[in-house]
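> Below, each chain spelled out in residue letters.
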Amino acid sequence: MIKQSPVHFHRMKDMPSTHLLGTGTPMCAGCGGLETLHTMYDILGRKTVFVNAAGCMTLLSVYPFTPFHGGWLYTSMASAPAGAQGVRDAVDILLQKKKLPVEEDVEVVVVTGDGAAYGMGMSATSGAMDRNLDFIYLCYDNEGYGNTGQQYSAATPHAALTSTSKGSHGYPGYKKDLFSIWAAHNPAYVATVIAAEPLDLAKKIEKLQTMSGPRMLISLAPCPTGWDYDPKLSVEIGRLAVQTGVWPLKEYIDGEVRHTRVAKQRKPVDEYLQLQGRFKHLFEPHRDKQGIAEIQARVDAYWDKTDAR
Amino acid sequence: MTRKLLTGNSAAAWGARLARVDYIPAFPITPQTEIIEDLAAWIDRGEMEARLVTLESEHSMITAAGAAASSGVRAFTATSSQGLLYGMEMVYTVAGWRTPFVMVNVSRGLASPITLESDHNDIMAARDSGFLQIHCATCQEIADSILIAYRLAEHPDVRMPAIVNLDGFYLSFTREPVDLANASKAQAFVGEYDPENLQFRGNSPLSQAMAVLGGGPYSYFRYEAHLAVQRALTVYEEISDEFDDIFGRRYDMIDCYHMDDAEYVFVMLGSFSTKARDAVDNLRAAGWKAGLLRPRLFRPFPQQRIRQLLQGRRAVGIIDQNISMGMGGVLHSEFATALYGLKDAPLLGSYIGGLGGRDINQREFFAIADELKQAYDSGESLPPRLLYTQNELTEMRKLQAIARAEHAEIHQT
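Just so you know, the protein sequences line up as chains A and B, in that order. If you read the first sequence in our numbering, its first letter stands for residue 1, the second for the next number, and so on. If you read the second sequence in our numbering, its first letter stands for residue 310, the second for the next number, and so on.
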């Protein structure tokens, strides 16, 4: 893919004012994943082929409708990066043989949920990075198998209630550090993003457009149905995820991790947790001081050991 | 044409080379690996213009093959056994994409117990996927079938992926003289890949493999694929005629040996059928009217042709190199289905043999022929047989005795 000359995103008014992705998709109201996809598609433009793994977004294209102006290929739950490999290699072969004009080149973007990215699709993703595949990967991470009713996944945070962790303490495990796992492959780019911080998101997409090789994004995707909150709170919850330090915004380039948003004063995690039904048991009927303190301590420990400040 | 001594695997690699494939997603597995090694060596030496990429699994490999064929290039891949099963989700999936490409399967028995040697349970697992299936008995046939398979898969009336099957060890590692088609003649025969509407392009919308809601659209697409596979029967005849005209080698959808006057017929797939061919010669020398029927095209299944060929025969011994647990031989079931209700249909006998590379010896073929004749003479139906000799059982008992002794020893200490 010939890299585009970047548009510079300094202020909100630099953001695209209209969406490229069509309306009327069956995504839930307040879907944090769809918001990220909107921003990403608006910036990447029409010459994008999305390669999808089984998840909520699979329902974006249901015959005979599609919200995309460019390509869409559904693969399976485990092998979307391999689908991207096939498309990228084929397009490169056609370009090389001059069977495809350069202006018809495409940007190949894998779109999967956390179920595929953190689990079943991890080996295919690792392989794509080993092979230095020139592609973008967007993981919309709603911290559970959302499309099947929010069972816990390897991305589920500690203590969250899910439909397979309904006990009084919620999910006993801890969210897997996919950012570090991806970064350990030394791809061109890894970043965490969130739609509620659109400028940070836009700048990162702008940056990765100038690069080639594997460019990996994990977007925390606030999920009204899975996290049990009113859809109108999606942006607020997303901002709080960043402001409390629960979802650090960062990027990895050339062996270095840099935090792109560092709060001078982090808000207490309570503010993020208490808006979500999945953490209600931490606040009702009694405040679970120990449980909340443990979550706060893990967030504090993360930030204490980063030298970002 | 050049005549070379080639293994089945090398013949498969030559088939892909002569078909001028653009793209080879690969993954090693015994006994298929030599195919991708040959192709990789040619590409490295600049003798072949293609891109080979080793994926991290067969599941990804088949995904990449389908995705590349969907993006406008001619793709080739190869696997065996556990690899085919590991990729099975994608075997079914890419068939639904209606993407023509060719995959070679080098048949090998399935775990458990794990083995490296040949039988057909792997390829039978792909039976209902939509992939066309051509089964080979010689190394010559492998190279030629790959050229034919591309034509068939890419034909506008078909547009389905195809598997060319060969037996592990018996063909994969056995050298036979192979007439390699002249490169330009092969190119003229196979032609350019026309991806039709399957091309991802900047600025042109294309959605592939999207979801459907409800049984109506789902059934429509599934029926369409089934009918496309069935159309491959007619198309196959045209293509095999054309191949014969150009290269002087004939590949009918069913290979017949001494079938003109045969009263007793063996049915087998793949290279083990050469053992049955020997048996036919030996039986004929002993005064039998014996014959062999070997389907080359297994999907689509040539039902009408089978009915024509078997009507009026006395009895047919179907030797399956596979086993459907709780049912028996897959080929036997398919032949029984094909012949059901046919006037003057022959008696059918089911024999399972050749599992995990187990030999089928000439005495067994004679025993089968005897049993078929007795059944015909007495009018009694034939019980299904699992081929196993007394000697094999004795050897197995020895192994079991060792296992028991080892077990006892461990528990004593």
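The set of hints was computed from the structure by calculation and includes no laboratory data. The model shown is predicted, which means the values in this text are computed figures rather than measured ones. Treat the hints loosely; a few may be bogus.
[Stated by the list, open to error] Below, a list of computed lysine to aspartate or glutamate pairs in the DMTMM-like style, where the Cα atoms sit at most 25 Å apart:
| # | chain 1 | residue 1 | chain 2 | residue 2 |
| --- | --- | --- | --- | --- |
| 1 | B | 652 | B | 587 |
| 2 | A | 98 | B | 353 |
| 3 | B | 494 | B | 365 |
| 4 | B | 707 | B | 488 |
| 5 | A | 97 | B | 356 |
| 6 | A | 267 | A | 300 |
| 7 | A | 207 | A | 42 |
| 8 | A | 98 | B | 503 |
| 9 | A | 99 | B | 358 |
| 10 | A | 176 | A | 271 |
| 11 | A | 99 | B | 503 |
| 12 | B | 313 | B | 485 |
| 13 | B | 682 | B | 488 |
| 14 | A | 99 | B | 426 |
| 15 | A | 98 | B | 358 |
| 16 | A | 264 | A | 304 |
| 17 | A | 267 | A | 284 |
| 18 | A | 97 | B | 505 |
| 19 | A | 97 | B | 501 |
| 20 | A | 98 | B | 426 |
| 21 | A | 13 | A | 200 |
| 22 | A | 250 | A | 206 |
| 23 | A | 250 | A | 236 |
| 24 | A | 47 | B | 505 |
| 25 | A | 250 | A | 104 |
| 26 | A | 98 | B | 501 |
| 27 | A | 176 | B | 356 |
| 28 | A | 97 | B | 353 |
| 29 | A | 99 | B | 564 |
| 30 | A | 97 | B | 503 |
| 31 | A | 98 | B | 356 |
| 32 | A | 47 | B | 503 |
| 33 | A | 289 | A | 256 |
| 34 | A | 99 | B | 485 |
| 35 | A | 13 | A | 236 |
| 36 | A | 250 | A | 304 |
| 37 | A | 99 | B | 365 |
| 38 | B | 313 | B | 488 |
| 39 | A | 250 | A | 284 |
| 40 | A | 97 | B | 358 |
> Now look at each hint and say whether the structure bears it out.
Hints, verified against the model:
With a CA separation close to 30 Å, the supplied pair residue 652(B) and residue 587(B) exceeds the 25 Å bound. For the given pair, residue 98(A) sits about 22 Å from residue 353(B) by alpha-carbon distance, which is consistent with the 25 Å threshold. As the CA atoms of residue 494(B) and residue 365(B) are separated by approximately 35 Å, the hinted pair breaks the 25 Å bound. Restraint check for residue 707(B) and residue 488(B): not satisfied, since their Cα atoms lie roughly 46 Å apart, outside the 25 Å limit.
Straight-line distance between C-alpha atoms of residue 97(A) and residue 356(B) comes to about 17 Å, which keeps the hinted pair within the 25 Å bound. For the hint linking residue 267(A) to residue 300(A), the alpha-carbon distance of about 11 Å falls within 25 Å, and the restraint holds. With a CA separation close to 15 Å, the supplied pair residue 207(A) and residue 42(A) stays within the 25 Å bound. A distance of roughly 15 Å separates the Cα atoms of residue 98(A) and residue 503(B); the hinted pair therefore holds under the 25 Å criterion.
Distance restraint check for residue 99(A) and residue 358(B): the Cα-Cα separation of roughly 15 Å lies within the 25 Å cut-off, and the hinted pair is therefore satisfied. Of the supplied pair hints, the one linking residue 176(A) and residue 271(A) holds, its CA atoms being roughly 23 Å apart against a limit of 25 Å. Restraint check for residue 99(A) and residue 503(B): satisfied, since their Cα atoms lie roughly 12 Å apart, inside the 25 Å limit. Distance hint between residue 313(B) and residue 485(B) is fulfilled; the C-alpha atoms sit about 8 Å from each other, no more than 25 Å.
A hinted pair counts as satisfied when its Cα atoms are at most 25 Å apart, and residue 682(B) with residue 488(B) does not qualify at roughly 40 Å. Distance hint between residue 99(A) and residue 426(B) is unfulfilled; the C-alpha atoms sit about 43 Å from each other, more than 25 Å. Between residue 98(A) and residue 358(B) the CA atoms are separated by roughly 14 Å; this keeps the pair inside 25 Å, and the hint holds. A C-alpha spacing of about 13 Å is found between residue 264(A) and residue 304(A), which places the hinted pair at or below 25 Å, so the restraint holds.
Under the criterion of a C-alpha separation no larger than 25 Å, the hint pairing residue 267(A) with residue 284(A) is consistent with the structure, at around 21 Å. For the hint linking residue 97(A) to residue 505(B), the alpha-carbon distance of about 18 Å falls within 25 Å, and the restraint holds. Between residue 97(A) and residue 501(B), the direct Cα distance comes to roughly 13 Å. Compliance with the 25 Å bound is thereby established for this hinted pair. Using a Cα cut-off of 25 Å, the hinted pair residue 98(A) and residue 426(B) is violated, with the two alpha carbons roughly 44 Å apart.
A C-alpha spacing of about 13 Å is found between residue 13(A) and residue 200(A), which places the hinted pair at or below 25 Å, so the restraint holds. Restraint check for residue 250(A) and residue 206(A): the C-alpha separation of about 15 Å stays at or below 25 Å, so the hint holds. With a C-alpha separation of about 20 Å, the suggested pair residue 250(A) and residue 236(A) falls inside the 25 Å cut-off, and the hint holds. As the CA atoms of residue 47(A) and residue 505(B) are separated by approximately 20 Å, the hinted pair is consistent with the 25 Å bound.
About 33 Å separates the Cα atoms of residue 250(A) and residue 104(A), which puts this hinted pair outside 25 Å; it is violated. Simply put, residue 98(A) and residue 501(B) have alpha-carbon atoms about 15 Å apart, close enough for the 25 Å limit, and the pair holds. Taking the CA atoms of residue 176(A) and residue 356(B), the gap is near 46 Å; set against the 25 Å cutoff, the hint is violated. Distance check on the hinted pair: residue 97(A) and residue 353(B) sit about 18 Å apart at the alpha-carbon level, within 25 Å; holds.
A hinted pair counts as satisfied when its Cα atoms are at most 25 Å apart, and residue 99(A) with residue 564(B) does not qualify at roughly 40 Å. A distance of roughly 15 Å separates the Cα atoms of residue 97(A) and residue 503(B); the hinted pair therefore holds under the 25 Å criterion. Restraint check: the Cα-Cα separation between residue 98(A) and residue 356(B) comes to about 20 Å, which is no more than 25 Å; the hinted pair holds. Taken as a hint, the residue 47(A) and residue 503(B) pair is honoured in the structure, with Cα atoms around 22 Å apart against an allowance of 25 Å.
Using a Cα cut-off of 25 Å, the hinted pair residue 289(A) and residue 256(A) is violated, with the two alpha carbons roughly 36 Å apart. For the proposed pair residue 99(A) and residue 485(B), the alpha carbon gap of about 38 Å is over 25 Å, so the pair is violated. Pair hint residue 13(A) plus residue 236(A) holds up; C-alpha atoms about 20 Å apart against a cutoff of 25 Å. Note on residue 250(A) and residue 304(A): the hinted pairing holds, with a Cα-Cα distance of about 15 Å set against a maximum of 25 Å.
As the CA atoms of residue 99(A) and residue 365(B) are separated by approximately 29 Å, the hinted pair breaks the 25 Å bound. For the proposed pair residue 313(B) and residue 488(B), the alpha carbon gap of about 6 Å is at most 25 Å, so the pair holds. Annotation: proposed proximity of residue 250(A) to residue 284(A) is violated, straight-line Cα distance about 33 Å (limit 25 Å). Between residue 97(A) and residue 358(B), the direct Cα distance comes to roughly 10 Å. Compliance with the 25 Å bound is thereby established for this hinted pair.
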